[in-house]
Each structure stands twice: as structure tokens, then as C-alpha cells.
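Asks: The residues making up each chain are set out below.
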Amino acid sequence: MFGASRPVALVAAAAAVALAVAACGSGASGGGGSGPTLVIDSTFDLKTVDPGREYELTGQMLTHGMYETLLTFTGDDLTTPAPGLASSYELSPDAKTLTLPLAQGRVFSDGSPVTADDVVFSLQRVSGMKGNPSFLLDGVTVAKADDTTVVLTSAEPNAALPFILPNPALSVVNSKVVTANGGTTDDKDGAEKFLNTTSAGSGPYTLKSLDVASQAVLTKNAAYNGPAKPAYDNIVIRNVQAATQALNVQKGDSQVALDLSGDQVSGLDQGELTVTSGASAYTIFLFLNQGADISTTTSNAQYVSAVKKAIDYPGLLQVAGTGSVQPASMIPTMIAGSLPAAEVPKPDPAGAAAALAASGVSGQPPKLAYPSDFTLLGLSFQTLAERLQSQLAAAGITVELAPAPVATELDNYRNGKEEIGLWYWGPDFPDPSNYLAFAPDGLIGKRANWPASAAPDIDSAAKAAAAAVDPAERAGLYQEFQRSLNAGGPFIPLVQPATNVVTAKSVTGAAYNPIWTLDLGSVGVAGGQ
Amino acid sequence: MVSSPLVRYLLRRLGVSALLIVGVTLVTFVLTNLVPGDPVAANLGQRAAENAETVAAYRAHYGLDRPLPVQYATYLGNLLQGDLGESQQTHRPVLVDLQSAVPATLEIAIGAIVLSVLIGVGFGVVAAVRRGRLADSALRLVSLVGISVPTFWLALVAFYVFSFQLDLAPGSGRLAPATTPPPHVTGLYTLDALLAGEWETFGDALAHLMLPTLVLTLYTVGLLTRFTRSAVLEVLEQDYVRSARAKGLPGRTVLFRYVLRAAMVPILTVVGLAFGALLSGTVLVEEIFSWPGVGSYAYQAASHLDLPAVMGVGLFVGIVYLVINLIVDLLYGAIDPRVRVT
Numbered sequence: 001m002f003g004a005s006r007p008v009a010l011v012a013a014a015a016a017v018a019l020a021v022a023a024c025g026s027g028a029s030g031g032g033g034s035g036p037t038l039v040i041d042s043t044f045d046l047k048t049v050d051p052g053r054e055y056e057l058t059g060q061m062l063t064h065g066m067y068e069t070l071l072t073f074t075g076d077d078l079t080t081p082a083p084g085l086a087s088s089y090e091l092s093p094d095a096k097t098l099t100l101p102l103a104q105g106r107v108f109s110d111g112s113p114v115t116a117d118d119v120v121f122s123l124q125r126v127s128g129m130k131g132n133p134s135f136l137l138d139g140v141t142v143a144k145a146d147d148t149t150v151v152l153t154s155a156e157p158n159a160a161l162p163f164i165l166p167n168p169a170l171s172v173v174n175s176k177v178v179t180a181n182g183g184t185t186d187d188k189d190g191a192e193k194f195l196n197t198t199s200a201g202s203g204p205y206t207l208k209s210l211d212v213a214s215q216a217v218l219t220k221n222a223a224y225n226g227p228a229k230p231a232y233d234n235i236v237i238r239n240v241q242a243a244t245q246a247l248n249v250q251k252g253d254s255q256v257a258l259d260l261s262g263d264q265v266s267g268l269d270q271g272e273l274t275v276t277s278g279a280s281a282y283t284i285f286l287f288l289n290q291g292a293d294i295s296t297t298t299s300n301a302q303y304v305s306a307v308k309k310a311i312d313y314p315g316l317l318q319v320a321g322t323g324s325v326q327p328a329s330m331i332p333t334m335i336a337g338s339l340p341a342a343e344v345p346k347p348d349p350a351g352a353a354a355a356l357a358a359s360g361v362s363g364q365p366p367k368l369a370y371p372s373d374f375t376l377l378g379l380s381f382q383t384l385a386e387r388l389q390s391q392l393a394a395a396g397i398t399v400e401l402a403p404a405p406v407a408t409e410l411d412n413y414r415n416g417k418e419e420i421g422l423w424y425w426g427p428d429f430p431d432p433s434n435y436l437a438f439a440p441d442g443l444i445g446k447r448a449n450w451p452a453s454a455a456p457d458i459d460s461a462a463k464a465a466a467a468a469v470d471p472a473e474r475a476g477l478y479q480e481f482q483r484s485l486n487a488g489g490p491f492i493p494l495v496q497p498a499t500n501v502v503t504a505k506s507v508t509g510a511a512y513n514p515i516w517t518l519d520l521g522s523v524g525v526a527g528g529q
Numbered sequence: 001m002v003s004s005p006l007v008r009y010l011l012r013r014l015g016v017s018a019l020l021i022v023g024v025t026l027v028t029f030v031l032t033n034l035v036p037g038d039p040v041a042a043n044l045g046q047r048a049a050e051n052a053e054t055v056a057a058y059r060a061h062y063g064l065d066r067p068l069p070v071q072y073a074t075y076l077g078n079l080l081q082g083d084l085g086e087s088q089q090t091h092r093p094v095l096v097d098l099q100s101a102v103p104a105t106l107e108i109a110i111g112a113i114v115l116s117v118l119i120g121v122g123f124g125v126v127a128a129v130r131r132g133r134l135a136d137s138a139l140r141l142v143s144l145v146g147i148s149v150p151t152f153w154l155a156l157v158a159f160y161v162f163s164f165q166l167d168l169a170p171g172s173g174r175l176a177p178a179t180t181p182p183p184h185v186t187g188l189y190t191l192d193a194l195l196a197g198e199w200e201t202f203g204d205a206l207a208h209l210m211l212p213t214l215v216l217t218l219y220t221v222g223l224l225t226r227f228t229r230s231a232v233l234e235v236l237e238q239d240y241v242r243s244a245r246a247k248g249l250p251g252r253t254v255l256f257r258y259v260l261r262a263a264m265v266p267i268l269t270v271v272g273l274a275f276g277a278l279l280s281g282t283v284l285v286e287e288i289f290s291w292p293g294v295g296s297y298a299y300q301a302a303s304h305l306d307l308p309a310v311m312g313v314g315l316f317v318g319i320v321y322l323v324i325n326l327i328v329d330l331l332y333g334a335i336d337p338r339v340r341v342t
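In order, the protein sequence lines correspond to chains R and S.
The first sequence begins at 1 in this note's numbering and counts up one residue at a time.
The second sequence begins at 1 in this note's numbering and counts up one residue at a time.
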């Protein structure tokens, strides 16, 4: 017989060594940190932390922690722009001129003062580079009135400007440092590489290291003299999938998990963790293409009405999970101009049947297109589309599901080729004017092949809202626009999915903000520091 | 003139490999451009994608405004200078991205293949020589489990049990959050930490390495156990083995000098293929362990129609298989004189 004992022993020894090393190594949670370190797990969509180029959720959170904007929002309140690097603001009666006196004594992380020249350079750089966030300042010119005052002038009335300026993409950078490292105010700018290794802002934290695929490490800005109270020496933000985030935060390997779904949150031990749930600012919606060349069915007004009445909205909320809400309008609940909860669309099976009969549609069922590989805050579009299909089928409306990866389906959506589309909208800035995209001939209106000539009343309502300056008047006119959109538009607001911020009990101040997710400068340690 | 047959063989293989690499780039380029989607739509925001100036600047920056043949020719020209283009996702040179992702994958792949060979070949030999006995049945069961259990599920369960429940393994990632990566030399954290004399970092990197490595090992062990068992059994039936035993050679000598050596050719083939598969990316395992390797990079690149990154990954995978095949072919010659280059 062959002697096999030696190889077996070798194999066993190798396996034992491997397991022993793993077991011993588990205690090595790493060293190197001298003070409190906050570990945040998030699913990255990160490309860059150059504030003039970033326009992704992770990038917004990071740049908001390292840079400051002229105006900002406090906590989760998106209704009132608060002072940032500007001590106040004054919008002219015609909403064309915004005057911003700078807060005195503020400094960048290298100790140099924040000046009006830095502000002008920063905003002109965003506009001139022609990057993702450049549109925020379309039609706006920036100038220095004096050494302590900056003036933004808009070609058209722009009452939204105070709500646009808090966007972290409009952060103020240290112009001398950025210029010395390739920064310009045109498309020749070459400072991104530098800004992905070294931050040049005045925020509570600075960039220690960045790997856009795996993690970013921020460290406390020793020169910071703003209103926030950064509590951590270091903040590590890691790219971690949701399932792993849930385990990490329960184990204590991380202190914050940002991407857990309602189902995942319901399984957590809330004695050990704090779960803050609430509706996000995303509106998931359905649209029916109004182009007769795309579909004679979806462009039929009675058919649109039938679909609106056939949807079981409370049923969709069950799919979306705890904390989700049904918006009454395309404008989400926390933004001025949204409609009150009492006006949410309600299921009306009898009305749906009558409208369907009146539509007279027949033949090939329309296709419901959606990004099948996309999940928004834990809510799968595949699941949502299947539920919609079954709800419509219950009302006698047949639709054919047309799933496709988001990267390929986006093209059809943006080119107005989808018969029925299931998509979402997140606010670029928390002002109702951002939702003029849903007006006839607006950005999304065009994708639904919905021209102004097809809905002159709704077009007028949108234009009246856009022209208003007074905040109260604006809110009222935007509500009227939303009501007319609900009554006669091709869009159906479905769900505002929930956002869940899960934190260890030792963490305070981790309030969700729709623009920058977390205000890192406000996240603190329970019991002081 | 080159006189050595081995050198001539190597030169011929390198020439063929260069042509194959060009073929890989061409196929990847064509397939990526056949995907119905626009990189502009996939990478620019909604508002930016509506702005003609921004779109034009984007297309010009990535060379997307040129005809496809010109884009491909430009790519090949840049490739000759070691430039793989700039990723539309990370805004970094693809070469830099790969220099970061490849060592991460290499670190778990090397560990997994070494353990797999040690364990899988050992198990296979034991199963073969104990054919029909309890050990054989048990090892075949282990092999079946290794092959049958979905690796991503195993990764999730392993992470839950060993890291979360038993606390025998650290959390996700390549290092603990507070640990600073060692100075970059090879990109392999364990090796770089050793070179820098950072023992604590070495221990941390090794601890993070073990669980994903063992998860990947289980599948490859299953595969190698089956192949080794089958190959060894086939050789055991050969006349020369019976002759060797009849001559009274010790069982261990027959096993290692005659049987295993002859069985190594098919085993090497499987080891090569398995190592190639490990290196070309184990997307789901990397995702679960938050391991920033080639698999994760490839997935992100494909999801966003990031053509330069997709091309870079395709090129890397092509080179991996070419190199592994070359090494395996050379090892065939070392093991079996009948296929030796003369």
C-alpha cells in the first residue's frame, strides 16, 4: 500500500497554520490612530473630490467635509439657506443680483485667509471647466464688489440662487494653491489630480488619503475656525456593499452605515445602534410617452388617466419599506412647492376601468422600461416594476416589462424612446425650480415627448411659477403647477424611498441631508469631545 | 541566428502572444462599442449631458469624437507607449488603477492557488490511493461541496460566521480602518509591510487576507481534488506502475517518482486555468469583502461603459492567460521529456 501519511500531514499543517494565522490576526484591528476615528461605510459612486468636478453622492459628502460654500443648510432643513463663508445674502427684488458679504477671519487649511478673489476663482472655475456641475451657474456671472463682498449676477431672474450655492460643487478653494497646481477657470484646468491628493479648502477636515475605489481618509483641519466642531481626529469612509455594512456596524467595525434598506434595518438590534429613518428627497416616478410615433397607447390621455388610477400606491409603499412616503407631487415633501399629503393620488379601480374603456386602446401592450440592475436606497427597480405590472394587470392594463442595465437604458430614456419609463429624480438643489424639468418641453418633459403646445395650461402654470420671486408666492405658484401636472401631465409620482442612517450609540449628529448625505463636521461623539 | 531550440520556441511564442494581445484589444474594443449605450449618458449627469458644450468637451477629452477606427488606432499607438488611457470612472490613468487593483487580487489569488495546490493535490492523491474507502468518500464529498457551493454565498456565510459571530476574522477591506498602508513597493500589503519592517501592519494585512483567500481556496480545492484523483487513478492503472511495484520499489517512491509526476500534466493544466480565473477577477467575493481588486474594477467599468478601463481589464486578463499558458507549457516539458522542446 502506498504511504500517504506525509502528504496528509503536510496538508493538515498548512491548513492549521492558515486558520491559526487568521484567528490570531483577528485581534489586529490596526494601530496608528492616536485619537477618535470615525469609520463610515458607504457604497461609493466616487469619481473625484475636486469640488469643481464632483457631482456624485459620495463626492458631495466628502467635499462638504473638506470645503465650505458661501451659503449652506443646517441639519436637514432645506428651506432656509444659512450663512457659510458668506455672513449673509441679499437677493435683489428682480432676483437678478445676489450680494454676499464674506464672513471675516476665515482661513484655509494652510492658514491663509479666505478672500473674495478665492470665491470668484472657485465659482468661475466650476463654470469654465465644463464639468458635471457647471450647469449650476448657467447664466450667472461672479464678480468681486470689494475685498469682502462678492456679487452674483444672473441674466434671468434666479430666485433659486441662494438654494443653489450650498451645493458642495460650489465650494470655495484656495485659489493660490489650486492655481499653483494647474488650476484655471477654463477647460484647460489640470488641478484635479492635485485635489485628489491634497484638499485646499477651509472645511473642518482635510484630505489625508484617497482611493476612489476603496476608501477616503479625512483628518481634522488644525487651522479650521468655522462654526462646526469636528470631533474626530480621522474619518475613514470605506466603500462597502450594503450586506457587509450591516455586519460591520453591528460588529463595531464601523460606526456608521449609510446604505441599509428597510428590511436590513428591521433586523438590527436597535438597543446597540441608532437608526434614523426618513423619507429621502428622491422621487421615483412613472412616465408615459406622449409621442404618438413612440406609442399611440401611452399618448392617449384616457390611457394615462387609467394608469394613474390603477396604481395601488399604498401597495408600492409596502414594497419600498418603512420610512418611505408617497409624494403628492413630483416635488418631494421637504421642498417648498410640494403638495400636502392630503392631495396624494389615490387608487381608483372603477375610475381606471372607465378611463381604460374610454381610451379604446387595443393591440400590442406598451413596454415598461426601467434600469433592472439599479437599486435606490435598497429599493430595487426590478421589484418595483414587477409590482407595478401586477397592479396594472389587476386593473386590466397589460404592460410588458422591458428591463435593461442602467448604462444602456439611460440612452433610451434620455433620447425619449421609452414608451413607459420607471425612473427617479433627485434634486440638484432644494428649490422647486429644479422641478421645472417636468414641465412641457422641460428636461424630462422632452424625454416624454411632451411639447408645450400639447399642454398650454400646464406650460403657463410652469412659466408663472418660474417668473415669481417672492418666496410665498413662488411656493403657491409651484403648487399650482404641480396640481396641473398631476391632473394632465404624463408623470406619476410613486414613492419617496426611505433613507436609513445607522450609527453606533457613540455617534451623535448624523442627520441625513439630501444634498451631502452627512455633515461630517457635525458628527460628534456621545458624551462630549 | 538563435541556436537554442528553447530560445527559438520562446521567441515564437512571444511573437504569437503579441498578435494575440492585439486580437484581444480588437475584440474588446469592438464588443464594447457594440453595447447599445452612450458613455456620455452613463458618465455625465442629467443636466451636464444636456449641455452641448459640456458633452463636446467630454467627448473631446476621451477621444470619443473621433471615428471608431481612429479611436482604435490611437489606442494601439498609446498602448505601445504604455498608455492605457484614462478611466472615465476614476479620472485616473487606467495603468494606475490596475497597479492598485492587480496587487489586491494577486494577493488573494496567490494565497488561494498555493493553498489549493497543497490541499487539493494532497486530497486528490489520498482519495486515489484510498479509492473506495472512507477517506475517498469523505474527500469526494468535500470536493463536491467545494465545487457546488456558490462562492459568493460561501463568502457571505464565512464573513457572517467567522468575522461577525465568532470574531475569528477581521472585518472587510485589506486593512483595519486605522491602519495606514505600508510604503508602496509591490502593492502586496503583506510583502510591502514585511519589506518596511511594519510587523503590526503585516499581521493586520495577513488577517484580512485569510478569509477571502480561504473562501476562494475551497472552490479550487474541490476542482483540484477531482482532477488529481482522476489523473492519479488513470496513472495507477498503467503497466509501468505495476512493474515498479512488482520490482519491489517502496510505495512512496512509486507514488512520487512515477505516479504523481505522470499525473502532473493534466493537474498543471487545471492549476493554470484556475489561477487565471482567480486573477481575472472574482467579482462577488471582492464585493462582499470590500476588496478593491480587478473583479470590482471590471464590474464598475462595465457598469458605466468605461471603455478605457474595460480595455485595460481585457488586456490584463489576456496577458494573464498567455503568460500562464506559456509557463504551463514550459512546465510540461520539464515534467514530461516527450513534450520537451529539442
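Treat each hint with caution, since some may be false.
Over 10 Å on every C-beta distance to chain R, these chain S residues come out as not near it, computed from the model [unchecked claim]:
1) Arg13
2) Val22
3) Gln46
4) Ala49
5) Leu68
6) Gln89
7) Val102
8) Ile110
9) Leu134
10) Arg140
11) Leu194
12) Val270
13) Glu287
14) Asp336
Computed cross-link-like contacts, SDA-like style, restricted to lysine to any residue with a CA-CA straight-line distance of at most 20 Å [said to hold, decoys possible]:
15) R/Lys188 with S/Gly37
16) R/Lys193 with R/Asn181
17) R/Lys144 with R/Ala95
18) R/Lys193 with S/Asp65
19) R/Lys188 with S/Asp65
20) R/Lys367 with R/Ala350
21) R/Lys417 with S/Gly37
22) R/Lys130 with S/Thr253
23) R/Lys220 with R/Ala95
FYI, nobody ran anything at the bench for these hints, they're computed from the structure.
Fair warning: this is a prediction, and the values are worked out from it, not measured in the lab.
Glycine included, C-beta positions come from ideal geometry on N, C-alpha and C.
Asks: Are the hints correct? Go through all of them and say.
Replies: Each hint tested on the structure:
no., hint, in the structure
1, Arg13, "holds (33 Å)"
2, Val22, "holds (27 Å)"
3, Gln46, "violated (7 Å)"
4, Ala49, "violated (6 Å)"
5, Leu68, "holds (17 Å)"
6, Gln89, "violated (6 Å)"
7, Val102, "holds (12 Å)"
8, Ile110, "holds (13 Å)"
9, Leu134, "holds (13 Å)"
10, Arg140, "holds (15 Å)"
11, Leu194, "holds (14 Å)"
12, Val270, "holds (17 Å)"
13, Glu287, "violated (5 Å)"
14, Asp336, "holds (22 Å)"
15, R/Lys188 with S/Gly37, "violated (28 Å)"
16, R/Lys193 with R/Asn181, "holds (9 Å)"
17, R/Lys144 with R/Ala95, "holds (18 Å)"
18, R/Lys193 with S/Asp65, "violated (24 Å)"
19, R/Lys188 with S/Asp65, "holds (18 Å)"
20, R/Lys367 with R/Ala350, "violated (24 Å)"
21, R/Lys417 with S/Gly37, "holds (13 Å)"
22, R/Lys130 with S/Thr253, "violated (73 Å)"
23, R/Lys220 with R/Ala95, "violated (38 Å)"
Hint violations for this structure: numbers 3, 4, 6, 13, 15, 18, 20, 22 and 23, all remaining hints satisfied.
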